[in-house]
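A.B. asks: My request is simple: use the sequences and hints to build the entire structure.
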Amino acid sequence: MKKILTIAAVLGLAACAAPQEETNLPDNVMVTGTNPIFNTQFAADPTARVFNGKIYVFPSHDIPSVVTHYDGSMWFCMEDYHVFSSEDLTTWTDHGMIVHQNDVPWGKPDAYSMWAPDCIEKDGKYYLFFSCNNIQNNEQLGGIGVAVADTPAGPFEDLLGKPLIDSIVNRAQPIDQFVFKDKDGTYYMYYGGWGRCNMVKMADDF
Numbered sequence: 001m002k003k004i005l006t007i008a009a010v011l012g013l014a015a016c017a018a019p020q021e022e023t024n025l026p027d028n029v030m031v032t033g034t035n036p037i038f039n040t041q042f043a044a045d046p047t048a049r050v051f052n053g054k055i056y057v058f059p060s061h062d063i064p065s066v067v068t069h070y071d072g073s074m075w076f077c078m079e080d081y082h083v084f085s086s087e088d089l090t091t092w093t094d095h096g097m098i099v100h101q102n103d104v105p106w107g108k109p110d111a112y113s114m115w116a117p118d119c120i121e122k123d124g125k126y127y128l129f130f131s132c133n134n135i136q137n138n139e140q141l142g143g144i145g146v147a148v149a150d151t152p153a154g155p156f157e158d159l160l161g162k163p164l165i166d167s168i169v170n171r172a173q174p175i176d177q178f179v180f181k182d183k184d185g186t187y188y189m190y191y192g193g194w195g196r197c198n199m200v201k202m203a204d205d206f
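Taking our numbering, the leading residue of the sequence shown gets 1, the next gets one more, and so forth.
No lab work stands behind these hints: they were computed from the structure. There could be a bad hint or two in this list.
[To be verified] Simulated crosslink set (SDA-like; lysine to any residue; CA at most 25 angstroms straight-line):
#	residue 1	residue 2
1	Lys125	Asp184
2	Lys122	Lys108
3	Lys54	Asp176
4	Lys162	Met199
5	Lys125	Lys162
6	Lys122	Phe180
7	Lys54	Phe178
8	Lys183	Asp205
[Said to hold, decoys possible] Simulated restraints, written as ranges between beta carbons of each label pair:
#	residue 1	residue 2	range
9	Asn52	Asn138	33 to 41 angstroms
10	Lys201	Asn35	33 to 41 angstroms
11	Lys162	Leu89	31 to 39 angstroms
Backbone N, C-alpha and C define an ideal beta-carbon position, used for all residues, glycine too.
C.D. replies: Here it is in structure tokens:
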């Protein structure tokens, strides 16, 4: 049975998206956790899932940046995702980069807006839902995408070649998604930005 944990309550992760010092840890490095379990560039927007007896944490990855964003600010720079796993909530393995914005066919190389990933298992495959491109209107390409892998540690490949949700609906920006499996086997996605949240029923093939 797959379990969903409220990461902020259970693990006490920091939730600040301000750029912090990059550690440049090699893949598969072992780190010993405290609270917060990650306090550098992996401190924002985490989702935690339990797969096959291990907990996997999928956070945003904020890197040092001098990038000027659409509004003239330089507030964060997120271009890829990592995943961490643990069997005891103390010792964590960084499995390295699992997807980069340049590997997403519809991702803009300079968007730096891969936020708030989420992952779920279905029929032996693992699906990573992510936001990309930070669209501000429905004339721009971007939104929520989905990538697939054989293991929760990736690497993940874009599934559709286009966003799964590519429009601003009900004035909710398509970001910050969370996928939920109901008791009857139906999958739902909750997502939104700009103070609004939408819920959609997922097709069987995602």
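A.B. asks: If a hint holds in the structure, say so; if it doesn't, say that too.
C.D. replies: Do the hints match the structure? See the list:
| no. | hint | result |
| --- | --- | --- |
| 1 | Lys125 / Asp184 | 19 angstroms, holds |
| 2 | Lys122 / Lys108 | 28 angstroms, violated |
| 3 | Lys54 / Asp176 | 24 angstroms, holds |
| 4 | Lys162 / Met199 | 20 angstroms, holds |
| 5 | Lys125 / Lys162 | 19 angstroms, holds |
| 6 | Lys122 / Phe180 | 11 angstroms, holds |
| 7 | Lys54 / Phe178 | 20 angstroms, holds |
| 8 | Lys183 / Asp205 | 18 angstroms, holds |
| 9 | Asn52 / Asn138: 33 to 41 angstroms | 40 angstroms, holds |
| 10 | Lys201 / Asn35: 33 to 41 angstroms | 37 angstroms, holds |
| 11 | Lys162 / Leu89: 31 to 39 angstroms | 37 angstroms, holds |
Of the numbered hints given earlier, the model fails hint 2 alone.
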